[in-house]
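Novice: Residue numbers (our numbering), protein chains in the order written: chain E, 1 to 114; chain W, 1 to 115.
There's no promise every hint is true.
What the hints assert, rightly or not - Here are the simulated DSS-like pairs of lysine-lysine, each with C-alpha atoms no more than 25 Å apart in a straight line:
1) K44/E x K16/W
2) K67/E x K38/W
3) K44/E x K38/W
4) K38/W x K9/E
5) K19/E x K44/E
6) K41/E x K3/W
7) K38/W x K36/E
8) K44/E x K3/W
9) K41/E x K22/E
10) K9/E x K44/E
11) K52/E x K38/W
12) K40/E x K38/W
13) K36/E x K16/W
14) K40/E x K22/E
15) K3/W x K38/W
16) K22/E x K67/E
17) K41/E x K38/W
18) K44/E x K102/W
19) K40/E x K102/W
20) K71/E x K3/W
21) K3/W x K22/E
22) K71/E x K41/E
23) K40/E x K3/W
24) K3/W x K9/E
25) K19/E x K36/E
26) K102/W x K36/E
Keep in mind the hints are simulated off the structure, nothing from the lab.
Single-letter residue listing:
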Amino acid sequence: DTAVSQTPKYLVTQMGNDKSIKCEQNLGHDTMYWYKQDSKKFLKIMFSYNNKELIINETVPNRFSPKSPDKAHLNLHINSLELGDSAVYFCASSQFTGPQETQYFGPGTRLLVL
Amino acid sequence: AQKVTQAQTEISVVEKEDVTLDCVYETRDTTYYLFWYKQPPSGELVFLIRRNSFDEQNEISGRYSWNFQKSTSSFNFTITASQVVDSAVYFCALSEAGNTDKLIFGTGTRLQVFP
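For reference, chain E alone in the conformation it holds in the complex (with noise of 0.2 Å):
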């Protein structure tokens, strides 16, 4: 009965690959969220979809795409990996958008690229 979950949890590399990180809510939530984690504990948003619109794109490099085949789901593909791309990337998800709504988290993932 997890509420937001991602796959993989853990995701080890190599520079230049393309990866995948899955999440999915089973909240009934219209609004998901990627936000990355660096080394130091920062937490930045990275992208905010509406059921299944992006509202959000906050500077990301274009190597990061968010993708949202419904609204219970929000995967994020990188392409071409780079070193310091490594962080914990964790979806999260709101029952509406607006600065008033709580945002719910998945587990994170970690992504380690060599």
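Chain E is fixed; fit chain W onto it per the hints.
Specialist: Just chain W now, kept in the frame of chain E:
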């Protein structure tokens, strides 16, 4: 521009001590929302509380309490009678009415509670 400052990088206490985690925010909006999240060693982010800018009432939930003071732009978090399980990184975050649903996080405070 909006900003959240958590000046305490790390705090260490012994079990049963009370501890306060500070959070100071900056915003130009009159309508905004403040949040606290907990990140235990296992890594997930757990929602603790949400407060809107029009509600300055302090909140208590068990051993946790929050003190929201608009006059000092602060939203501090106190744990009473701390326990080892409280050891985690705690994040304060801000969202503004004029900024869709973007959550701006502070840099976090690592709390270590020793037995």
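Novice: Decide, hint by hint, whether the structure agrees.
Specialist: Verification of the supplied hints:
With a C-alpha separation of about 33 Å, the suggested pairing of K44/E with K16/W is violated against the 25 Å cut-off. For the hint linking K67/E to K38/W, the alpha-carbon distance of about 28 Å lies beyond 25 Å, and the restraint is violated. Distance check on the hinted pair: K44/E and K38/W sit about 16 Å apart at the alpha-carbon level, within 25 Å; holds. Taken as a hint, the K38/W and K9/E pair is honoured in the structure, with Cα atoms around 19 Å apart against an allowance of 25 Å.
Note on K19/E and K44/E: the hinted pairing holds, with a Cα-Cα distance of about 20 Å set against a maximum of 25 Å. Among the hinted pairs, K41/E with K3/W is consistent with the structure: their alpha-carbon atoms are about 16 Å apart, no more than 25 Å. Simply put, K38/W and K36/E have alpha-carbon atoms about 16 Å apart, close enough for the 25 Å limit, and the pair holds. Straight-line distance between C-alpha atoms of K44/E and K3/W comes to about 12 Å, which keeps the hinted pair within the 25 Å bound.
At roughly 21 Å between alpha-carbon atoms, K41/E and K22/E fall within 25 Å of each other, so this suggested pair holds. This hinted pair checks out: K9/E and K44/E have alpha carbons roughly 19 Å apart, not beyond 25 Å. Distance check on the hinted pair: K52/E and K38/W sit about 28 Å apart at the alpha-carbon level, beyond 25 Å; violated. Simply put, K40/E and K38/W have alpha-carbon atoms about 16 Å apart, close enough for the 25 Å limit, and the pair holds.
The suggested pairing of K36/E with K16/W is violated, with an alpha-carbon distance near 34 Å, which exceeds 25 Å. Taking the CA atoms of K40/E and K22/E, the gap is near 24 Å; set against the 25 Å cutoff, the hint holds. Taken as a hint, the K3/W and K38/W pair is honoured in the structure, with Cα atoms around 19 Å apart against an allowance of 25 Å. With a C-alpha separation of about 9 Å, the suggested pairing of K22/E with K67/E holds against the 25 Å cut-off.
Note on K41/E and K38/W: the hinted pairing holds, with a Cα-Cα distance of about 12 Å set against a maximum of 25 Å. Among the hinted pairs, K44/E with K102/W is consistent with the structure: their alpha-carbon atoms are about 9 Å apart, no more than 25 Å. Proposed proximity of K40/E and K102/W is supported: the alpha carbons are some 20 Å apart, at most 25 Å. Taken as a hint, the K71/E and K3/W pair is broken in the structure, with Cα atoms around 30 Å apart against an allowance of 25 Å.
The suggested pairing of K3/W with K22/E is violated, with an alpha-carbon distance near 30 Å, which exceeds 25 Å. The suggested pairing of K71/E with K41/E is violated, with an alpha-carbon distance near 28 Å, which exceeds 25 Å. Only pairs whose Cα atoms come within 25 Å are accepted, and K40/E paired with K3/W is accepted, the gap being roughly 17 Å. At most 25 Å may separate the alpha-carbon atoms for a hinted pair to count; K3/W and K9/E exceed this at roughly 30 Å.
With a C-alpha separation of about 15 Å, the suggested pairing of K19/E with K36/E holds against the 25 Å cut-off. Our distance criterion of 25 Å between C-alpha atoms is met by K102/W and K36/E, whose separation comes to about 13 Å.
In this structure, the hints that do not hold are numbers 1, 2, 11, 13, 20, 21, 22 and 24, in rising order.
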